[in-house]
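Engineer: Sequence:
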Amino acid sequence: MAPIHKIALIATAALATSGCALFQPQPPMRAVVMPGQLEPIHAAAITRDLAVFWVSSNGCTDRDDLFPMVNQAGGDTTITLRRIDQDDCDTPVNDGVEVMWSFEELGLVPGSRLSVNNPYQLPPST
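Counting the sequence shown from 1 gives a position; my numbering is that position plus 667.
Heads up, none of these hints are tricks.
Computed Cβ-Cβ distance ranges for the label pairs, DEER-style:
hint: 1; residue 1: A710; residue 2: M736; range: 17 to 27 angstroms
hint: 2; residue 1: G778; residue 2: D755; range: 30 to 40 angstroms
hint: 3; residue 1: C727; residue 2: V776; range: 32 to 42 angstroms
hint: 4; residue 1: G742; residue 2: P791; range: 35 to 45 angstroms
hint: 5; residue 1: V776; residue 2: C756; range: 33 to 43 angstroms
hint: 6; residue 1: A740; residue 2: P790; range: 30 to 40 angstroms
hint: 7; residue 1: Q788; residue 2: D729; range: 13 to 23 angstroms
hint: 8; residue 1: D762; residue 2: G742; range: 32 to 42 angstroms
Since the hints were derived computationally from the structure, they do not count as laboratory data. For glycine and all other residues, C-beta sits at the position ideal for the given N, C-alpha and C.
Turn these sequences into a full structure, and let the hints steer you where they fit.
Structural biologist: What follows is the structure in structure tokens.
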């Protein structure tokens, strides 16, 4: 084998094996387990110290059926309303029901900026 071919073979082998150090397997990402299901909302209002939502109801939805998840990351605060108990009643409330939490209940300082992370859904038309 010619000397140039030996050098090319050694260089190729060196490049091929050096890549192994660059591509270390990453640990698997942990999934965040959230309670219940993401709740579509009709409307939301955030005041100085209250988070108010209007959600669909088949006649039995109350505040205890929902869970407000507060996430604070990078200076931003987001609330996501999750339904933890289904409303199996059969008397739909056309405009939905109002549920609210104080900032104190949510672990927030009054006046905190807060965004809502729920999809909006129009109430059924009558």
